[in-house]
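Chemist: Sequence:
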Amino acid sequence: MNAVRKALVAACLCLGASLALAAYPDKPIRLVVGFPPGQATDLIARTAARKLQDTLGQPVIVDNKPGAAGIIGSETVAKAAPDGYTLVVGSSGTMAINPSLYARLPYHPLKDFEPISLLSVVPLFLAVNPNFPAKTAAEFVQQAKAAPGKINFGSGGSGVTSHLTMELLKHSLGIDLVHVPYKGSPAAVTDLVGGQINTMIDTGPALLPHMRTGKLRILAVASEKRNAAAPEVPTMAEAGLGNFVAPAWVGIAAPKGTPKEIVETLHKALAANWRDAPDVREQLNGLGAEAAVMTPAEFAKYIQSEIDKWALAVKLSGAKVD
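When you line the sequence shown up against mature numbering (1 follows the signal peptide of the UniProt record, and there is no 0), it's residues -22 to -1, 1 to 300, in that order.
Incorrect hints may appear among the rest.
Just the calculated beta-carbon pair ranges, DEER-fashion [what the hints assert, rightly or not]: (1) Ser150 / Arg204: 12 to 22 Å; (2) Lys89 / Ala46: 40 to 50 Å; (3) Ile39 / Lys113: 45 to 55 Å.
To be clear, the hints were calculated from the coordinates, so they are not data collected in a lab. As the structure is a computational prediction, the values presented were derived from the model and not from experiment. Just so you know, even glycine gets a beta-carbon here, dropped at the ideal spot from N, CA and C.
Please model the complete structure; the sequences and the hints are all you need to start from.
Modeler: As structure tokens, then:
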């Protein structure tokens, strides 16, 4: 009799779980962003929230939890119930760089999350002050090799994406540049425009407006193809710097243990109304970004490859946060 009762209980539990999955979602979904409102990751998250809401028929609420390089927001979701109602929009910083940069990171991008999809890639541009002698990327490399340790570059801080991307570029080209870290990208760009530093790598929204006014010269973009926001700028490969591709990116994930059916529902909701949607393309192009979609399995492999790539950059930079 006990065996029959246990079997009935198990069957009821399975039926209840199946019904819950079939009804998903039946209440609002929280989309956690570890950065302040108005930052690129936040704006991309809000676009994704709107698309998910339109497709799933439930409110998708963006919850900004900024601080500690996105760690606070990521940890919040890593510890949330794996029921599909709390998701995170992370970046290459939170999901690929932080594991190597932070000695005591309270989450792991793959062990604590179920990848859902890549959302966007954000190409990075190599810029110089207009008074800098180099007019092309090839000339820039020639001058750097002729004067090792004499040319400096700025970034938004030690260990941030712009810093580590330049470390990878230095390594691939065999050049020696001096790093000047700032407290945030805007301060570095201001000094680049003012001529206090020679060069830097950063996103389109940070650099392209200054190119339009002649205050900066953009030499190349670190992407596989030219960026729609600046089609006149050659890729690194076209500029003769080799096939150097190192975009920043944004993606979406759920807590580890979220049922596969829910992960697939979320992925399909995005894939159906994301990459080719004109309003998404317009919103992201305004950020110098491009819409992208990957299956959960593809995104998991991509995250692992990015962790490996940025681990090399962190090692080359010597940056480490306890």
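Chemist: The structure should be examined with respect to each hint, and the outcome stated for every one.
Modeler: Hint check:
1. In this structure the hint that Ser150 and Arg204 lie 12 to 22 Å apart at CB holds, the actual value being about 20 Å.
2. The hint said 40 to 50 Å for the Cβ distance between Lys89 and Ala46, and at roughly 19 Å that hint is violated.
3. The hint said 45 to 55 Å for the Cβ distance between Ile39 and Lys113, and at roughly 49 Å that hint holds.
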